[in-house]
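Engineer: Single-letter residue listing:
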Amino acid sequence: MPRKEKLFVGINKDLEEITVPIPDADPKPWDGKDELKYIGKKVPRIDGTYKTTGRAKYTFDIKVPGMIYGKIIRSPYPAAMVTKIDSSQAEKLPGVRSIIRVKDELPFPVRFAGQEVVALAADTEHLAQEAADLVKIEYDQKPFVVDLDEAMKENAPLVFDPKDEEKDKVKNVRDARIYPKDGKSEEIDAVLNSSDHKIEATYRTQVQTHCPMETHGVVAKWNDEKLTIWASTQGTFMVRNQVADHFNIPKSDIRVITKFMGGGFGSKLKADTYTMLAVKLAREAKKPVRLMLSRKEDHLSTGNRPNSLQTVTVGATKEGKITGIKLKSFGTAGIGRGAGTGGPARFIYDAEKIYTEESDVYTNAGPSAPFRAPGHPQGAFAFEQTIDDMAYKIGMDPLEFRIKNSESDKVRQAEYKIGAEKFGWLKRNPKPGAEKGVIKTGAGLANSLWYYIYSPGSHVSLRVNDDGSVQLRSGVQDIGGGIVTPMAMIIAEELCLKPTDIKITIGDTEFGLAPTSGGSQTTAGLTPAVRNAAYSAKQRLLKIAAGLMEVDMKEVKLSDGGTFSTIDSKKQMIWKEVTAEIPEGQFSVTGERMEDYYETKRWKISGVQFAEVKVDTETGSIKVKRMVAIHDCGRPMDRLTIESQINGGIIQGISFAFYENRILDRNTGVMVNPNLEQYKIAGARDVPPIESHIIDLNLGQSSTGAIGVGEPATIPTAAAIANAVYHAIGVRIREMPMTPSVVLKALNKV
Amino acid sequence: MKNFEYAVPDSIDKTFEYLKSSKAILKAGGIDLLDMMKEQLISPDRLVNIRELEELKFLKEDTNGAFLIGPGQTLSELAEDQTINKSYKALAQAAGGVASVQIRNSATLGGNLCQRPRCWYFRSADFHCSRKGGDTCFALDGENQYHAIFDNTDGCAIVHPSATAVALIALNAKLIISNGEKDREVSIEEFFVTPANDIERENILNKNEMIITIIIPADIKDYLSYYHKQKEKQTFDWPLADVAVALRMEGDRCQDARIVLGSAAPVPFRSKSAEQALVNQNINKDTAIKAAEAALIKAEPLTLNEYKVPLFKTIIYRTICHTVGIDPMN
Chain A
141 MPRKEKLFVG
151 INKDLEEITV
161 PIPDADPKPW
171 DGKDELKYIG
181 KKVPRIDGTY
191 KTTGRAKYTF
201 DIKVPGMIYG
211 KIIRSPYPAA
221 MVTKIDSSQA
231 EKLPGVRSII
241 RVKDELPFPV
251 RFAGQEVVAL
261 AADTEHLAQE
271 AADLVKIEYD
281 QKPFVVDLDE
291 AMKENAPLVF
301 DPKDEEKDKV
311 KNVRDARIYP
321 KDGKSEEIDA
331 VLNSSDHKIE
341 ATYRTQVQTH
351 CPMETHGVVA
361 KWNDEKLTIW
371 ASTQGTFMVR
381 NQVADHFNIP
391 KSDIRVITKF
401 MGGGFGSKLK
411 ADTYTMLAVK
421 LAREAKKPVR
431 LMLSRKEDHL
441 STGNRPNSLQ
451 TVTVGATKEG
461 KITGIKLKSF
471 GTAGIGRGAG
481 TGGPARFIYD
491 AEKIYTEESD
501 VYTNAGPSAP
511 FRAPGHPQGA
521 FAFEQTIDDM
531 AYKIGMDPLE
541 FRIKNSESDK
551 VRQAEYKIGA
561 EKFGWLKRNP
571 KPGAEKGVIK
581 TGAGLANSLW
591 YYIYSPGSHV
601 SLRVNDDGSV
611 QLRSGVQDIG
621 GGIVTPMAMI
631 IAEELCLKPT
641 DIKITIGDTE
651 FGLAPTSGGS
661 QTTAGLTPAV
671 RNAAYSAKQR
681 LLKIAAGLME
691 VDMKEVKLSD
701 GGTFSTIDSK
711 KQMIWKEVTA
721 EIPEGQFSVT
731 GERMEDYYET
741 KRWKISGVQF
751 AEVKVDTETG
761 SIKVKRMVAI
771 HDCGRPMDRL
781 TIESQINGGI
791 IQGISFAFYE
801 NRILDRNTGV
811 MVNPNLEQYK
821 IAGARDVPPI
831 ESHIIDLNLG
841 QSSTGAIGVG
851 EPATIPTAAA
861 IANAVYHAIG
871 VRIREMPMTP
881 SVVLKALNKV
Chain B
62 MKNFEYAVPD
72 SIDKTFEYLK
82 SSKAILKAGG
92 IDLLDMMKEQ
102 LISPDRLVNI
112 RELEELKFLK
122 EDTNGAFLIG
132 PGQTLSELAE
142 DQTINKSYKA
152 LAQAAGGVAS
162 VQIRNSATLG
172 GNLCQRPRCW
182 YFRSADFHCS
192 RKGGDTCFAL
202 DGENQYHAIF
212 DNTDGCAIVH
222 PSATAVALIA
232 LNAKLIISNG
242 EKDREVSIEE
252 FFVTPANDIE
262 RENILNKNEM
272 IITIIIPADI
282 KDYLSYYHKQ
292 KEKQTFDWPL
302 ADVAVALRME
312 GDRCQDARIV
322 LGSAAPVPFR
332 SKSAEQALVN
342 QNINKDTAIK
352 AAEAALIKAE
362 PLTLNEYKVP
372 LFKTIIYRTI
382 CHTVGIDPMN
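Protein chains in written order, with this note's numbering: chain A, 141 to 890; chain B, 62 to 391.
Don't read these hints as lab results, they were simulated from the structure.
Just so you know, not all the hints are guaranteed correct.
[What the hints assert, rightly or not] Straight line, CA to CA, 27 angstroms or less: simulated DSSO-like cross-link-like pairs of lysine-lysine: (1) A/K168 / A/K182; (2) A/K232 / A/K410; (3) A/K576 / A/K493; (4) A/K203 / B/K235; (5) B/K99 / A/K232; (6) A/K763 / B/K99; (7) B/K351 / A/K580; (8) A/K571 / A/K338; (9) A/K427 / A/K203; (10) A/K224 / A/K282; (11) B/K99 / A/K203; (12) A/K763 / A/K410; (13) A/K576 / B/K351; (14) A/K493 / A/K427; (15) B/K63 / A/K763; (16) A/K282 / B/K351.
Just so you know, these numbers come straight off a predicted model, no measurement behind them.
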């Protein structure tokens with residue numbers, strides 16, 4: 141039977157009391173009045189030194205006895221039929237253990253340059269490459285299209301053959317996804333056309349590839365019918381489940397291990413073709429197979445953020461109220477799907493009428509994969525600039541205009557206030573392009589928008605040993621956000637120990653189910669399970685202590701330093717004295733992430749970022765001078781790792797705004813910059829000072845109240861910068877990346 | 062990467078001996094060479110490592126006042142050297158702006174002058190371009206935003222990648238090239254080869270030759286010099302445009318000017334028209350802008366690199382100003 145708990149919920153110290161039903165076995169959720177020792181403070185990563193000293197072993201570092209090396213041979217052409225594969229020369233090479241085709245039946249189509257055709261495994265990496273060079277593949281080349289605009293033309297080559305593909309692939313431009321479902325273009329047009337002010341503009345954004353530090357890859361090892369996969373993944377259980385489905389083997393026979401992983405940003409969610417190939421090679425070769433992709437393969441085949449061509453229309457009254465928002469977007473996810481950009485347009489502002497229409501366009505390019513807030517950074521770039529445009533058109537301050545049009549979002553309102561003050565918004569000259577001289581400074585802001593996502597069902601197990609040691613096991617992988625540190629903090633908080641006292645083992649599907657790190661859900665999805673387990677352990681220990689002190693369990697408390705005492709403090713026992721009496725030397729409890737205790741109605745994550753830039757109007761180069769970011773993520777767990785997420789999100793946003801760009805040669809369909817030299821990523825000197833402020837948002841919806849922040853932090857960065865650039869020079873940059881070429885063109889200097 | 066022999070000569074003489082193998086190649090810092098090998102663009106059968114050769118490492122003035130630089134000096138060493146910073150500033154700036162600290166600590170001046178182009182078609186084994194014996198310059202109607210705006214119609218639109226070459230041409234440097242038996246001295250301008258002359262090479266070095274000395278003539282001490290590199294990002298990037306200026310001044314009046322553009326043409330591009338616009342003029346922002354405009358009159362940008370024209374104009378006039386200590390922003 142659930143009990144009723146009174147909780148204080150709200151933003152920072154602006155709290156209201158609510159009553160929430162809490163299951164008896166669960167602790168009272170932390171709320172706005174709980175002052176905690178670790179939670180919400182800055183705690184350095186407990187595994188930090190493993191990374192800085194090189195002791196952390198990534199998938200890339202895994203070596204198992206007898207391991208051989210896999211290699212994938214890929215199509216050099218963007219569109220072709222594979223008509224013949226001759227691997228006889230490679231087979232003769234001593235040390236080549238297995239050669240497999242991606243498809244058994246010839247001919248089969250390839251639809252992008254870099255698509256997998258053949259995989260092989262050999263005793264050394266060198267030998268695998270040598271063997272790959274000996275495999276002769278014949279292709280019948282077909283017409284292709286790699287450019288968004290070209291693909292949308294009526295006579296464009298079709299990426300999928302309408303004869304033998306599913307129904308929705310008969311044309312390059314897929315049917316639009318309309319929001320709201322019954323929405324009509326004419327209705328929104330009528331609202332927009334009758335508004336006092338209407339602004340319409342078209343924006344373009346580029347394709348960005350994920351470029352995690354560790355490239356994609358696995359080591360696959362069969363042991364009779366059982367399979368172990370060391371995977372650089374952000375979803376250990378997703379890899380296990382997909383491999384089980386693909387090979388039709390029981391999930392219980394597959395173990396996926398990810399002790400440390402070097403980033404994924406969404407591209408390492410699924411098992412993907414390379415994993416299946418490695419598993420198959422290992423089975424055929426009867427040896428463990430390591431298959432790590434090269435940087436080039438990563439760029440070509442493991443996912444990307446689709447590009448976009450977006451037309452945004454906004455209407456407003458002369459008093460500054462938004463009347464209508466319309467977005468029509470096209471984007472290419474290559475041979476994949478998911479190029480929509482409508483999130484920001486749909487959910488940031490209060491408007492009478494909102495309508496979005498998003499179409500995926502197929503091209504002969506590698507399929508997209510979810511990329512840190514799919515659709516949202518590019519959506520924000522277009523939409524938040526249009527909002528800015530409207531503010532200036534009405535003659536309102538862009539911040540004031542935003543405040544007025546997002547009144548229903550109290551969190552956002554609090555963030556505007558903090559941001560304006562910390563950034564010094566009111567000190568800026570309201571007039572755009574007013575500064576004299578060749579180099580001009582400007583200030584801008586943009587809103588973030590993401591969603592509170594979690595999946596119930598995750599569980600962890602916690603052991604307490606009679607020597608006083610505490611161990612927690614979870615199947616979760618650390619995508620890089622540093623989840624183990626908040627886990628340790630939570631246990632330390634509940635058991636009155638230090639975070640470094642807690643031994644945490646993660647990254648193994650033999651342990652409890654854990655969230656896939658996608659949708660910024662790891663912390664929200666896992667930490668309640670951790671706290672619930674720690675709470676159960678605490679009850680067990682209190683009971684033991686009560687027995688030892690010969691008092692009722694209700695008379696015993698646990699306080700700092702792991703000290704048990706009676707409420708009147710007459711009797712005291714230290715941590716080890718109590719744990720020493722654990723029957724049989726150890727107990728184990730589990731904690732589970734259940735559904736939220738109540739419907740919070742807070743399904744959004746807000747956030748706002750401010751940028752100051754310096755624009756050289758003669759070279760077109762833009763320097764970001766500083767960023768101020770205000771974000772919310774429920775109840776903050778570790779403020780230090782949250783700040784790191786914000787820093788990382790902003791750096792990736794800056795990199796997207798100015799540098800990153802997957803370039804496919806228009807004449808051959810082949811990527812010209814599949815490396816980290818010509819595919820440019822922001823480096824140390826491109827990163828400005830970043831100031832972040834994290835709102836305390838206590839909702840009491842789970843035992844920890846945590847919500848994610850990884851994705852929200854990268855959404856508004858490019859948009860805020862673009863708005864600052866407009867303020868600096870009085871000219872809109874409607875295209876990314878904002879290179880000198882793009883800026884000089886916008887300034888009519890080219 | 063194919064297997065190869067690794068030869069470590071202990072003298073210049075030995076180096077030439079080791080170079081005689083059919084596909085031997087010199088390795089100094091190894092920066093560019095390893096890139097080329099990893100991409101399977103070259104597969105030498107022997108690397109001759111000259112990185113540790115002390116004979117190639119020197120910075121000294123000869124009896125005539127010329128400044129002699131050993132090709133084995135690293136870019137970091139050049140960037141930090143006091144004499145170079147004082148008397149040949151453009152070279153220190155060019156060397157100090159290359160790539161990253163780690164690369165500058167390893168890369169040598171000789172290697173920097175001899176590196177292969179960064180054109181992404183040339184660098185990718187996926188494109189059999191004219192510089193690799195094919196018959197197409199993929200850049201001409203392809204992705205040419207980083208390509209040449211001068212002399213780009215001779216079948217190859219690369220830009221020469223060496224920053225130090227840009228500075229050294231402004232400083233009127235000479236090179237001594239040796240094959241172990243005979244030395245020859247060439248002006249550094251003569252060292253580089255245009256696509257019109259030979260599309261598959263960037264310099265005149267024969268297979269059995271190497272640069273053994275870089276000479277900056279004595280009279281260059283009378284010049285003021287300055288180098289600027291305009292990058293897209295500030296960490297580890299190649300220039301979009303770079304320029305070196307050397308001026309001999311008498312009071313405010315310019316007696317002689319040497320202006321060289323990098324990232325503009327298949328070889329470092331000396332702009333005689335910009336130079337002529339400055340000689341016998343007082344140097345100020347107006348004359349600097351006129352010279353910059355003169356430099357770009359004959360530019361012929363490709364489809365995607367038109368932006369380089371205003372960009373070059375800007376950095377040329379600003380660099381001229383900086384050379385004589387005028388603040389171009391005023």
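Engineer: Tell me the hint numbers this structure goes against, listed in increasing order.
Structural biologist: 2, 3, 4, 6, 12, 14, 15 and 16
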